[in-house]
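Q: Each chain is listed here by its residues.
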Amino acid sequence: MITCPNCKNEALDGTIFCLECGAHLVGADPRATQSIQTSGMGGLKDKYIIADTPPITTQAWGTLHIIESGQLLPLSERKEYTLGRVNEGQPTAPDIDLGPYRAFENGVSRIHAIIKRIENRIILIDLGSSNGTFVNGVRLAARVETPLQNGDMIALGKLKIQILLSYVN
Amino acid sequence: MPNPPGDLYAILGILRGASQNQVKRAYLKAVKKLHPDVNELPGQTELFHDVQQAYDILSDPEKRARYDSNLPPVSQSKPVLKTRIQYSRSSIPRQEQSQLVYALIDILPAPNTPPTHAPPLNVSLVLDCSTSMQGQKLDMVKATAIQIMRRLRPQDIFSVVTFSDRAEVVIPSMRASDLLRYENRIHALHPSGGTEIFQGLSAGYDEVRRYFNPASVNHIVLLTDGRTYGDEADCLNLSEESAALGVGISGLGIGHEWNDQFIDTLAKNTGGVSMFVADPQKIQELLLQKFQHLATAYAENVALDFEPAPDSELVFCFRIKPEPGPLETKSPITLGAIPRDGALTIMLEIRVDSLSKAFKSMEFINGTLTATLPGSGSATPAPLTVQLPIADELFPEPPPQAIIQALSQLTLYRMQERARAEVEVGNYPKATQYLRSLASHLMSQGERSLAKTVLFEAEHIERKQTFSNDGDKAIKYGTRALIVRPPEGEDQP
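Protein chains in written order, with this note's numbering: chain L, 43 to 211; chain W, 18 to 510.
Chain W on its own, in the form it takes in the complex:
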């Protein structure tokens, strides 16, 4: 066992001021990930002992007090994450009625952190090889896979798994330098059978796990054009396990048959993204972009763990940058990765229910940000507090421009979500009403072709009471793509 075991708080990924409740939760989370019964990775049994020891001390108030008194002052542990919060208003009025507050949070590398090396990748590419992939789609996927293999750096680890009715490990996890000899295996891929995503996902997960290393970017990239039947629950369970270990899952859906809501949930659970291509020609562009994002991460598995404050609720949470996507609203929220040259930006919408009591300020979220830094392991957790002073009078003030910018695009995305929800419950007039409003906003922003698609879908729903083939996905990913903030000039790290 390494001695001394380092900062016990860092081992559990919590702050010094953490409550007993938080200590316990962090411990349970760590056990789930590190217990020798589930984790046979070399070297991790020691980690498990460290966690056990940290919990023994920190869960006992007496031992904890003794340990705390010997700790160096907080300032010595260097933060690696910096947060910057903008609120929709500078104070909230004291009132009984419910109200909304928006917070736009940038999470970025702390200034003067020593430059880290680009992290090595440990990625499994999980490919759908069902009959429906035949033709241009599979050709494009093969070409892209080979291109990715050639672009990997020597330290990267890569594997390829295909699935149809069952999964096959086409290229087991190996160093990029050994991959050359296996290119012909990609050429030889042949489509047949159905789509059983769980088989593929679980084989891909096993491949990533074999070389799992907190210092790498551990990720599964899933490509599918179909809907899986009966094993979605298994996939979601797996995604939770994989999130606990620190393996992200991203999905690329091709065409109109795949289930975007399912892939979104997979991605949301693990901090990955879901992507959509209608045209197989675009597969290459999106996949290469995804690998680019993976290879340029500063911090991975950024997660926000918080205890919900009474009288307020996080109703909506969305990642604006670097890759837009919906996020969980219950703790812990897996946020994704922080790029090396920018920020991870999220938007929170918080409903405050009653503010009649005599507080001076209101704390909506009091949480802890954890992350792993590829190249150096776990980062010192950083506190994240979202709070505003309470004012007795309401001062009308315009929200910051950045919030308006982000929300104007986000609202379009949410209108599309609402239209889809209405179609699902059979309220077609309402759905077309949302789509028509959406179209007029898109028009006013100059997004003519997307607006036309939306109008066409509105007509389609009126006549046939359903979206056209991939219309719902085209609108969803079209509006999602609009959500990217313009670059800010001065204070880029």
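Only chain L is shown next, with the shape it has when bound in the complex:
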């Protein structure tokens, strides 16, 4: 057996290229690790590069800007909020009721999405809504964390909301 120097996968004797990671195993100089610039690649954002942004305040860390009505909803004490609309006779209610902002007409589910603050990151998770959650026009997979940046445009169904974050200073 040969052990791939790159990914430590075991390969049969005589293997020339590791089938697991594609590294050259025989008859070549070990290849230096290549790093790839992902910034500036059409539409791709590296979700973990947050070093440049200043820390987000712990109190009153964000605001939801309902585009249609111009209303501002503060996000302050809690670290996470569920978004949705209150329905008569429904046992669980979302933390933020979007009912007054024509949520039903815009196709917002009763428990539609959740917005969380983890340290210096703000993430949005779609909770399996019927009409989907979009960030800057791109639909999110259900129950997958998506990082948000200041000014990102969210849509719950057709209800458009801009996220505004408050930074220290």
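Derived by calculation from the structure, the hints in this document are not laboratory data. No experiment lies behind these values; they were computed from the predicted model shown. Please note: incorrect hints may appear among the correct ones.
[Said to hold, decoys possible] Here are the simulated DSSO-like cross-link-like pairs (lysine-lysine), alpha carbons at most 27 Å apart as the crow flies: (1) W:Lys307 - W:Lys377; (2) W:Lys154 - W:Lys447; (3) W:Lys447 - L:Lys200; (4) W:Lys447 - L:Lys50; (5) W:Lys99 - W:Lys299; (6) L:Lys158 - W:Lys481; (7) W:Lys154 - W:Lys99; (8) W:Lys80 - W:Lys41; (9) W:Lys347 - W:Lys50; (10) W:Lys49 - W:Lys347; (11) W:Lys307 - W:Lys490; (12) W:Lys481 - L:Lys202.
[What the hints assert, rightly or not] One-sided and incomplete, this derived list gives chain L residues near chain W with beta-carbon spacing under 7 Å: (13) Pro47; (14) Asn51; (15) Asp55; (16) Ile58; (17) Phe59; (18) Leu67; (19) Gly174; (20) Phe176; (21) Gly179.
A virtual CB, placed ideally from N, CA and C, is assigned to each residue, including glycine.
Given chain L's structure and the hints, the job is docking chain W onto it.
A: Frame of chain L; chain W shown alone:
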């Protein structure tokens, strides 16, 4: 019946040393193709009798011995194919553990073969005319079809079949010189209905069969942008029948909805290729290229028939040149065509399981190459033996550059295949891991745009757990296109 019936071994397409088992298999294969019940072509009943007679003699050890004693020495039958094998190592170490051996095989015209004429074509163009083809796609296809018709040589035979819910023979098989009057039929094509590939394929097959001639390049070129439902098994059965007769099938898929794995299997069964265009503008380029390949074949229907050796297994087989594509790993393998001005190159990956016994050398594949030479019919079969001496000690040695070259690209293609397989079983983290490794290799080779596509797909899978529209196909055919060996200088035929 022509007399004498010629070399009985050549009639069955086997070598003089063929085992009884091989004789029987070759006979069954020939019967399937030539039996009067399935084959009404004029002149082929006689061929069937020849085969019958050859089998009667060769299957009986006594008669065979008598026949052999009257045969001229082997050297008199001129080989028409030449093979050249490069191995990843010059010997294999004796060990119990499994190990891998790579063989890069060039199959080319034998030196000093008399120059043959460019073979006449017998091609059916089978076009998808379902509603989804409407617009630019169909316009492009029409323009290309007409261009192809105008470029054909007088001896070529051509037909056009369209299909949607049912098939229609728009232009029946005819000589190229008569085609001019039918151009308006191509202009009049109108899209409607669904996609039922079998209907079209089977009508195209019938058209090619009407003028079938072993001395021509017999081929079906299928164009589709959709997925066929429920008749894929019928199509695959047809492709086996068509391979047995010697009719190749190539497929060109447009856009993201067609099933590339299905078309790949069709092509693999018959020695054809599958191609992909995302942009209708490219249809013309690819189709003209395909016809160019067809018209410049030296040998067609090259096939490798072998008995698997014990203790080793052919795990992967791929055609590197002239048109890259995956191949079968079980005998018989349909390899495709040998171009007039180059070689048919294939890569084999063989796993050797146990080498503890006291052999001096190991034979992995002991097979026979058969082919038809357009212009002169069946070629004398050539033996192909893939074997290496067994060494008691391991000598570290770098593999030949050509093997490294070919494998480095092939590995990228295989990583993409693995990523797709992982997506299919729902193992998304593994799939994105493969894609990210693939992207970094592509980057280091300067394939920036393909690398970006791959990275984008990795992100897409993370978020949506599936490839984007035609991302999987773009990566597959993108990495496949990288697999072309650089031209070798000196010993081109």
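Q: Does the structure break any of the earlier hints, and which numbers would those be?
A: 1, 2, 3, 5, 7, 13, 14, 18, 19, 20, 21
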